[in-house]
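Chain A is already provided as a structure; the job is to place chain B on it using the hints.
So you can see what is in the structure, the chains are spelled out below.
Number of protein chains: 2
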Amino acid sequence: MHEKFMQEAIRMSIDNVRSGNGGPFAALVVKEGEVIARACNEVTTHNDPTAHAEVQAIRKACDALQHYQLEGCTIYTSCEPCPMCLGAIYWARPDQVFYANTKQDAARIGFDDSFIYQELELPHHLRKIPTQQLMREEALEAFKAWDALEDKIEY
Amino acid sequence: MHEKFMQEAIRMSIDNVRSGNGGPFAALVVKEGEVIARACNEVTTHNDPTAHAEVQAIRKACDALQHYQLEGCTIYTSCEPCPMCLGAIYWARPDQVFYANTKQDAARIGFDDSFIYQELELPHHLRKIPTQQLMREEALEAFKAWDALEDKIEY
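Residue numbers (numbering that gives the first Met the number 0), protein chains in the order written: chain A, 0 to 154; chain B, 0 to 154.
Some hints could be false.
Pairs count within a copy or across copies, as identical chains cannot be separated in the list.
SDA-like, lysine to any residue: derived pairs with alpha carbons at most 25 Å apart [as the list claims (entries may be wrong)]:
| no. | residue 1 | residue 2 |
| --- | --- | --- |
| 1 | Lys151 | Glu137 |
| 2 | Lys30 | Ala63 |
| 3 | Lys151 | Val34 |
| 4 | Lys59 | Asn20 |
| 5 | Lys59 | His124 |
| 6 | Lys127 | Gln103 |
Don't read these hints as lab results, they were simulated from the structure. Everything numeric in this text was worked out from a predicted model, so none of it was measured.
Chain A on its own, in the form it takes in the complex:
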């Protein structure tokens, strides 16, 4: 059964290249044996750098479920998730993930996944995108307000 869903994701990833719609990536979200969301990479057609297959499939699946969590769901993605997509997966909290191509495979055809994984492990001052902290004391007010809030919806 896992192979059947992955086969569909792979077929979509190939079709996405051939149709000129975007990069060679696709993902499905499956719940109780049913596909509840399908998506391909559409970064360039949507002018949206976050429109990776997994992010889009998660957004569609959560919309279908009307919930911000994917409990009981499995994600099938044609490639090992990049850090953005893996982060999205952790926030969505599906039960499990299957992937096919690796991040090294993606790097070999020009995608930055491996580079971004390396950057995440570096201290801020060594990263390629300069990153600096300022005004932490002022910003902590928001966290104190959250901490003190009753009836908040945690996620």
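Relative to chain A, chain B alone:
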């Protein structure tokens, strides 16, 4: 000038808690001294686990620019980006990033950022969300198709 923009992000993050709209996070994208996108965390109101402030601000800024890159832009975020948002930032490629609260501050009020950073460094079989590879050989067909494609839009 950096303080002025960060002050606005911080104010929005506090307002987002007080209005019950979402978590204590906000972000701005600035280009040539002008704010081109503003966003708050709206995970629970949009039923979208990817609706973090930075992801939403990047999507809005790219929509405003009609491009999938944020060259020449600066991102001001009220909290150090989580792995999903940092990944999104790397894909969007702004010139620089300023943040206020840290991921440790976020962890202290119950947000998973630090946990996700730790998970990313673990091998798949030790992660909390089980992750397995299958059908790589079949999936490589999509990468070969991409590699062979002429006139493709790289991103």
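A quick look at each hint next to the structure:
| no. | hint | verdict |
| --- | --- | --- |
| 1 | Lys151 x Glu137 | within (22 Å within a copy, 46 Å between copies) |
| 2 | Lys30 x Ala63 | within (11 Å within a copy, 35 Å between copies) |
| 3 | Lys151 x Val34 | neither (32 Å within a copy, 30 Å between copies) |
| 4 | Lys59 x Asn20 | both (18 Å within a copy, 21 Å between copies) |
| 5 | Lys59 x His124 | neither (36 Å within a copy, 27 Å between copies) |
| 6 | Lys127 x Gln103 | both (20 Å within a copy, 22 Å between copies) |
Hints 3 and 5, counting from the list given before, are not met by this structure.
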